[in-house]
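A.B. asks: In the order they appear, the protein sequences are chains A and P. The first sequence begins at 247 in my numbering and counts up by one. The second sequence begins at 31 in my numbering and counts up by one.
These are calculated hints, taken from the structure and not from any lab test. Please note that a few of the clues may not be correct.
Claimed, not checked - To spell it out: a stretch of chain P is covered by chain A in this simulated footprint if at least three of its residues, at any positions, have a beta carbon under 8 Å from a beta carbon of chain A; those stretches are:
#1 131-142
#2 145-156
#3 160-166
#4 219-227
Beta carbons: idealized from backbone N, C-alpha and C, even for Gly.
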Amino acid sequence: MGEIQLTLKAIFEPESIAVIGASATPGKWGYTILKNLLCNGFSGPVYPVNPKATNILGQICYHSVLDIPGPVDLAVIVVPISHALAVTEECGQKGVKGIIMVTAGFSEVGGEGKQLEGKLMGIVDRYGMRLIGPNTLGVVNAHAGMNASIISKLPAKGGISFITQSGTLGLALADWTMEMGIGLNIVVSTGNKANVDDVDLLEYLADDKQTDVIAMYIEGVNQGRKFMELAKGISKPILAVKAGRTRSGSKAVFSHTGSLAGSDDVYSAAFKQAGIIRIENIDDLFDSALALSVQPAPAGNRVGIISNGGGASIIASDTCERLGLTIPGLEPGTRARIKELVPKFASYSNPIDTAGLASYETYNGIVKHMLRDPNIDALIVIYVHTVMWDSRIPANAIVDIHRGRCLKPVITCWLGGAGTEAGIDILKAAGLPNYPVPERAVKALASLVKHHGFLEKVKE
Amino acid sequence: MNGNEKRLWKLLGDWNISTLTMATASSAGMAVEVAKILGYPVVMKLLSPDITHKSDVGGVILDLGSDKEVNDAYHGMVTSVKQHLPKARIEGVVLQKMAEPGLEVIIGAKLDPQFGHVIMFGLGGIFVEICRDVSFRVTPVDREMAREMILEIKGSPIIEGARGMEPADLEAIIDVITILSSMLEKNPDITEIDINPLIVYSRGSVAVDARMLVR
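Starting from the given sequences, assemble the full structure and let the hints guide the process.
C.D. replies: The following block contains the structure:
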């Protein structure tokens, strides 16, 4: 573990935490953060610090971090800005290793705030501490049961770590992942990135054993070149939404290149060259992250589609084509075996349409034969719910095959809302990513294919 | 030519990017003598340290085919510029042999504050200006990346010989992109550069015009 990882460990995996500016008033951030740290299963001591209180939420409250008897790895600072520098200085004296500076009013407001941030960094550097923020909404480590943020609930444990430059958006997304049942590991709101920036975080998450996929919401990076070099060396998938898609470049029209190379074009080129999957929309970010966190990258872009309804498979095929995925023909042997499993009038060439049939034997058999076909790199299994079928039956049919951990990714789309939940639960439990519409399933698969391409060509 | 322009053409020459032979003249008589040596047809461009957009003031005349045309063009150009911009200093003209027609492409670069030099490739004319059909790569750009960025633009079939044209020399374009990438690495003060147009033939290419900004 490098020096950066060691110092950041105090922030992401601390053994003890102080909340400086803890409050007994519900609704205040100093209350919310303390409560979140106490109520989510964090195993180490959590110390409230506030000179005006002696007891908060049943905990002894210290007047200063210097009064705390034991060592403190991490300090979450939620004080008014006028006290921010003084308490940071005390943290340095105490030997605190990491700081999460929730307090705002620094460089993001310009002028005096910028100067304050400079002074803050002076203190942090003098004591060799590391700092997230300022102006951050905090950090979550789901596996450690640590919620040092104002996110209302601890997300489910999973392999996706999320770096977000927008605090509020990060919160909204974290809430959304809970609703979708997506598991997260680290969530970090970077704030102003005065000390810990994207490069540090990428480096840390690349080595973090609990992180399988790194998802990012970026407004801008500080060290573009270093960021690219680092990303190139990370084999874990990195997904990024880059905000601010301005078309025009510099206003001066000296050269064509100068006027055409907008910062967005440059980010696109840089991401491609660094093997970072650029995601257009926020809603696609976690769709893709989910697929990448539970499924292997396919060896190529040849997709097999199975559906019990023609319409859904046509949408899936069209989306595949639009995103550069192909729908190849099957081996004669595969076709013959599938022909046995579907009604006479059904389609037994790719995309397979079972003409309504969704029995265990049909789905189990088709998926098995398709996975064995050398022409197929990945599978999209669609089930359109009708009252004639139980959504659990086709789910069990493919889970029973998938249990064997195959090397080809399988993406599912149980479509039809009410009545599909029971089937979807079975799929989720088996690590099969499920999407409510075919387009989303295909987009997620396209990210898997992209990542494979990066592993082959870009990643070092 | 100002110092920056001199440096630009010297750089292109030093890095083996082929350019057209050019020579300066400070009178109509001298322009005719120079044109004879270069061989007709020639292009005449105004030489003034005060004017960047020469074509806007009648400072670029193409396809001059005889001594008389060169003589008349010189006088016409000087008169026109004096009318438009009476204060501009006129040092004379630059003469260049007309380039043979071929496929016009643009290769440029810009210094990005976060990522450093970024190279752009596109087809010339409306393809760049109207269609914005261009591709980008952050330097350093190797041959494989250069090939990728050329084939990535929508108009790439034109390079491979659409519309009854002979295929353009893809390797020659790759040469210029990769040379530019190395050149920028050695010249970090260049903030913007355009080689526009680079005319590409079935074998080889020539940089007909270029401009550069340094910090």
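A.B. asks: So, for every hint listed, does it hold in this structure?
C.D. replies: Taking the hints in turn, this is what the structure says about them:
1. 131-142: holds (count 5)
2. 145-156: holds (count 5)
3. 160-166: Satisfied; 4 residues make the cut.
4. 219-227: Held - the segment 219-227 of chain P has 4 residues with a Cβ nearer than 8 Å to chain A, which meets the minimum of three.
In summary, this structure violates none of the numbered hints.
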